[in-house]
Structures are given as structure tokens and as C-alpha cells.
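Chemist: These are the residues of each chain, in order.
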Amino acid sequence: MRADPAEYEFRTPASLKDAVKLLAEEPQAWLPIAGGTDVMVQFAAGTLAARKLLNIWNLPELRRIEVLPNEIRIGAGSTYADLRGHEVVAREFSLLARAASWTGGIANQNRGTLGGNIVNASPAADSLPALLVYEADLVLCSAHGERSVPYVNFHKGYKQIELAPDELIRAVCLRRCFSGYFSYARKVGARNAQAISKVCMAALGRVENGAIGDVRIALGSVAPVPIRLPETERTLKGKPLDHDVIAGAGRAAVAETRPIDDLRSTARYRAAVVGNLVVEFLQALGGANRHA
Amino acid sequence: MTTNRGAKCEISFLVNGERRIVRVYPMERLLDVLRRELSLTGTKEGCGEGECGACSVLIDGRLVDSCLIPVGQAEGAEITTIEGVAANPRSSALSAAFLECGGAQCGICTPGMMVAAFHLLDHKPTPTMDDIREGLSGNLCRCTGYLQILEAVVEAARRTTAR
Chain A
1 MRADPAEYEF
11 RTPASLKDAV
21 KLLAEEPQAW
31 LPIAGGTDVM
41 VQFAAGTLAA
51 RKLLNIWNLP
61 ELRRIEVLPN
71 EIRIGAGSTY
81 ADLRGHEVVA
91 REFSLLARAA
101 SWTGGIANQN
111 RGTLGGNIVN
121 ASPAADSLPA
131 LLVYEADLVL
141 CSAHGERSVP
151 YVNFHKGYKQ
161 IELAPDELIR
171 AVCLRRCFSG
181 YFSYARKVGA
191 RNAQAISKVC
201 MAALGRVENG
211 AIGDVRIALG
221 SVAPVPIRLP
231 ETERTLKGKP
241 LDHDVIAGAG
251 RAAVAETRPI
261 DDLRSTARYR
271 AAVVGNLVVE
281 FLQALGGANR
291 HA
Chain B
1 MTTNRGAKCE
11 ISFLVNGERR
21 IVRVYPMERL
31 LDVLRRELSL
41 TGTKEGCGEG
51 ECGACSVLID
61 GRLVDSCLIP
71 VGQAEGAEIT
81 TIEGVAANPR
91 SSALSAAFLE
101 CGGAQCGICT
111 PGMMVAAFHL
121 LDHKPTPTMD
131 DIREGLSGNL
141 CRCTGYLQIL
151 EAVVEAARRT
161 TAR
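The listed protein sequences derive, respectively, from chains A and B.
Each residue of the first sequence is one higher than the one before, starting from 1 at the first, in the working numbering.
Each residue of the second sequence is one higher than the one before, starting from 1 at the first, in the working numbering.
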């Protein structure tokens with residue numbers, strides 16, 4: 001049954017400082033709400049446990065994208081539309097811009113935020129494999145100050161996150177060092193827009209002197225959290241991109257994932273897709289290198 | 001800071017160019033406030049979870065699903081509903097094209113489709129088919145099979161730019 005709006009407290013802090021102060025006073029009570037694309041769905045279904053909502057939508061401190069010489073700091077309240085429309089994100093972090101472009105439809109992209117996507121912690125979230133391959137750091141803030149956590153350590157298990165009840169994600173930091181890399185991203189779902197992924201993948205690769213210099217592969221929807229494929233990456237490093245190496249990497253990737261059957265797909269189908277996507281990525285990496 | 005535990009609050013916003021003030025609970029959905037408090041029933045509820053786009057409106061010129069917006073987040077905003085789009089002379093080519101191409105059947109998705117199409121043409125007056133598909137990708141239709149709707153947007157763009 002739908003929730004009764006009369007039962008909810010809703011507060012709009014004047015600043016980020018006010019927001020974290022409120023969280024510090026009653027850390028378990030407040031649920032931050034930004035674009036509402038997850039929270040309002042729970043509200044409509046009557047499953048929203050929190051009764052006090054802290055409105056952080058459009059808080060200026062959370063909505064800036066700061067471009068520094070060596071890194072870019074994306075405010076956690078930046079929307080997918082903000083990411084798609086940002087010149088540096090689109091040029092240097094195309095995997096993130098592409099993931100933003102296939103999250104929901106235009107209306108969802110105008111409201112959904114990167115920080116919200118991270119905190120909601122869906123294993124199928126489209127933007128998270130990109131954060132894994134770029135080795136993003138998250139800046140978390142509370143009334144006591146800030147701390148930095150590598151994103152790879154943030155999702156600890158299914159819907160378990162490294163965020164204290166009095167903390168907010170402030171920013172996502174990406175190092176600006178990927179200009180020499182080939183980027184690959186694919187979402188496999190029932191429909192391009194408005195469909196949650198069966199499998200999504202983000203990958204980066206660099207070929208040096210005919211051999212794979214660096215390679216990073218991350219996947220969503222194949223484990224309780226978005227994952228990198230460290231074993232597959234290790235077997236690839238230093239190897240030439242020939243047929244046997246590529247086929248072997250496809251098999252290694254399947255062995256390294258643990259997909260499940262659920263309402264969107266089956267474990268068997270997901271495993272086949274993982275192998276195919278890794279092969280497709282490596283073939284494209286080889287092709288891009290030959291034409292470079 | 002404003003506190004509103006279990007209490008209604010006053011929200012002031014610009015709706016279709018007019019200053020409106022409503023006394024509502026801040027967690028009421030913008031969709032419900034538009035329909036119930038302001039009698040703007042052109043905005044429809046489809047899924048109620050941001051999947052179907054029937055409740056599409058523009059907030060500060062951006063396309064959004066009004067079912068996902070607590071009205072407390074709309075304080076001071078500029079909102080355009082299908083009624084505002086319909087009153088805008090720039091939408092006349094669009095509504096004529098929807099009519100002629102068979103872009104509306106049962107009609108539930110039509111207001112949202114029109115708002116999304118209006119928003120698209122406002123930003124891209126000469127859209128490609130991919131632009132149109134993307135611009136309307138958040139709006140579901142269960143009658144037409146979409147082709148007539150896509151055709152209507154192509155036709156509206158053609159007529160508008162031909163002028």
C-alpha cells in the first residue's frame with residue numbers, strides 16, 4: 001500500500017554543513033534523499049522504513065564538478081545529465097559518460113545522482129563498473145571531517161556499504177591518466193533504456209610494443225557487488241592479443257564470475273555473455289591498436 | 001532550515017507561468033499535488049515508479065517524472081505541465097502531427113509523450129531518429145507500437161523547421 005505523506009518529516013538543510021550536523025545529532029533517523037529515483041519508488045510501494053528525510057537535492061556543495069590538474073572531483077549530487085554534459089567527463093572518462101547515457105531515460109538522468117547510485121548499492125548499477133576500472137576514490141564527509149575511501153572497498157557485500165550513518169558521500173575523485181587507454185563499455189539488457197542490466201561491463205586497455213601493458217575489466221550484475229576480474233587481468237598482462245590469448249581470457253572471465261538466476265536473466269546466460277563481452281573487448285582493443 | 005514533522009507546509013512555485021501557493025505535506029508527490037490541488041489532470045499516473053513517463057513534466061526546463069518528486073523539492077521551481085505545453089504556440093505542430101500520424105490511441109501515455117517530445121524539439125529542433133528514440137525512451141506506450149509516435153515527432157520537426 002502507498003505510504004501516507006503525513007507520516008514523514010522532510011527537512012531541507014541550508015548547506016552541507018547543516019546536513020551533516022543533523023546527521024550527527026540523530027544518525028540513524030535521517031535518510032538522505034537527492035533525486036528520489038530510488039527513495040520515491042520505495043515510498044510509493046510503502047516500503048520506505050525511514051520517517052525522516054533529509055533533502056540534499058541540489059545542495060550546491062554536492063553538485064559541482066571540479067577539474068583539477070591531476071584529478072576530477074565529481075560532487076556526489078551530480079546527475080547523470082550533468083555527467084553526460086560535462087566536457088572533461090565526456091572526453092577523459094567516456095565509460096562514465098556512456099554509463100550515464102544508458103541509465104534510465106532522460107527524465108531519470110535529470111534526477112538520478114552518481115552518489116545515489118553508489119549508496120543504493122545495486123549490483124546491477126550501470127555506473128559502478130566504470131568507477132572500478134578508473135580506480136575512483138570516494139570522499140566521505142561528516143560533522144567530524146572528511147575521509148577518503150577507495151571505491152573498490154566501499155561495496156563490502158550485497159547492499160553493504162562502507163558509510164557510517166552520520167556520513168554522506170561528498171565527491172567521487174578520478175585521476176586524469178587515461179588518455180592512452182582504449183575504452184570499452186557494453187550494457188546487455190532487455191531494452192536499451194529503462195531496463196536494468198542483465199550484465200554490464202566497463203573495460204580499459206593499453207597495448208605497448210605489441211603486448212598488453214595494462215588491462216582493467218569490471219562487471220555489474222554478475223556478483224553481489226560490482227567486481228573487477230583480477231585473475232583474468234593478470235593472465236592477460238604482457239601477452240600479445242592473439243586468438244588463443246583472447247579465447248583463454250574469455251574462459252578465465254567466466255570462471256571468475258558467480259552470476260545467479262533472477263527475474264532478469266539466468267546464471268548460464270550471464271556467464272555466456274561475460275565470456276563474449278571480454279572477447280569482444282579484447283578483439284576491439286587489438287583492432288584499435290592495429291589502426292593506431 | 002525548515003521543519004515539517006507531520007505538518008503541512010506552504011509551497012510556492014510557478015506553474016505554467018502562474019504563481020501558485022499550495023498547503024501540502026512536503027512528501028506528497030508533485031504528481032498528486034498538480035492533479036488534486038491545482039486540478040491539472042492532464043498529467044497522468046502510469047506506473048508510479050519512474051518507469052513509464054506518463055507523469056512527465058518540465059521543472060526549470062528539464063524533463064522529469066512528477067511521481068518521483070516530493071513536492072518539498074519543488075519549492076520555488078518553474079513547472080510546465082502538458083496544459084502549459086498545449087497553451088504554447090510552439091507545440092501546435094506537434095499536436096497536429098500526433099493527430100495526423102495516429103500518435104495517440106488510448107491516450108494515457110500521450111501527455112507524457114508530448115511533454116517529452118516538446119522538450120526534445122526545444123533542445124534539438126532537427127533531431128535524428130536516434131535523438132528521437134532517446135528523447136522518448138523514458139515514455140512507454142502499450143497501444144501504438146511507437147512507430148506512429150516517432151513519425152509524429154519527425155513530422156513536427158519537419159514542419160517547424162520548414163517554416
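Source of the hints: derived by calculation from the structure; they are not laboratory data.
Given the structure is predicted, the values throughout are model-derived calculations rather than measurements.
Warning: the hint list may mix true and false statements.
[Claimed, not checked] With a Cα cut of at most 30 Å, we get these calculated DSSO-like pairs of lysine-lysine:
id	chain 1	residue 1	chain 2	residue 2
1	A	Lys17	A	Lys159
2	A	Lys52	A	Lys17
3	B	Lys124	A	Lys21
4	A	Lys17	A	Lys237
5	A	Lys52	B	Lys8
6	B	Lys8	A	Lys17
7	A	Lys237	A	Lys156
8	A	Lys156	A	Lys21
Chemist: Does A:Lys52 pair with B:Lys8 here, judged by a C-alpha cut-off of 30 Å?
Modeler: Holds, at roughly 15 Å.
Chemist: Against the 30 Å threshold, does the CA-CA distance of A:Lys156 and A:Lys21 hold or violate the hint?
Modeler: holds (26 Å)
Chemist: Verify the proposed pairing of B:Lys124 with A:Lys21, using a straight-line Cα cut of 30 Å.
Modeler: violated (43 Å)
Chemist: Below or equal to 30 Å on CA atoms is what counts here, so check A:Lys17 against A:Lys237.
Modeler: violated (46 Å)
Chemist: Measure nothing beyond the straight line between the CA atoms of B:Lys8 and A:Lys17; if it is 30 Å or shorter, mark the hint as holding.
Modeler: The given pair, whose Cα atoms are some 26 Å apart, holds under the 30 Å limit.
Chemist: Going straight from one Cα to the other, do A:Lys17 and A:Lys159 come out at no more than 30 Å?
Modeler: With a Cα-Cα distance of about 27 Å, the restraint between A:Lys17 and A:Lys159 holds, given a limit of 30 Å.
Chemist: Against the 30 Å threshold, does the CA-CA distance of A:Lys237 and A:Lys156 hold or violate the hint?
Modeler: Since the Cα atoms of A:Lys237 and A:Lys156 sit roughly 27 Å apart, the hinted pair holds (cutoff 30 Å).
Chemist: Please verify whether A:Lys52 and A:Lys17 have alpha carbons no more than 30 Å apart.
Modeler: holds (18 Å)
Consistency note: the structure conflicts with the earlier hints numbered 3, 4.
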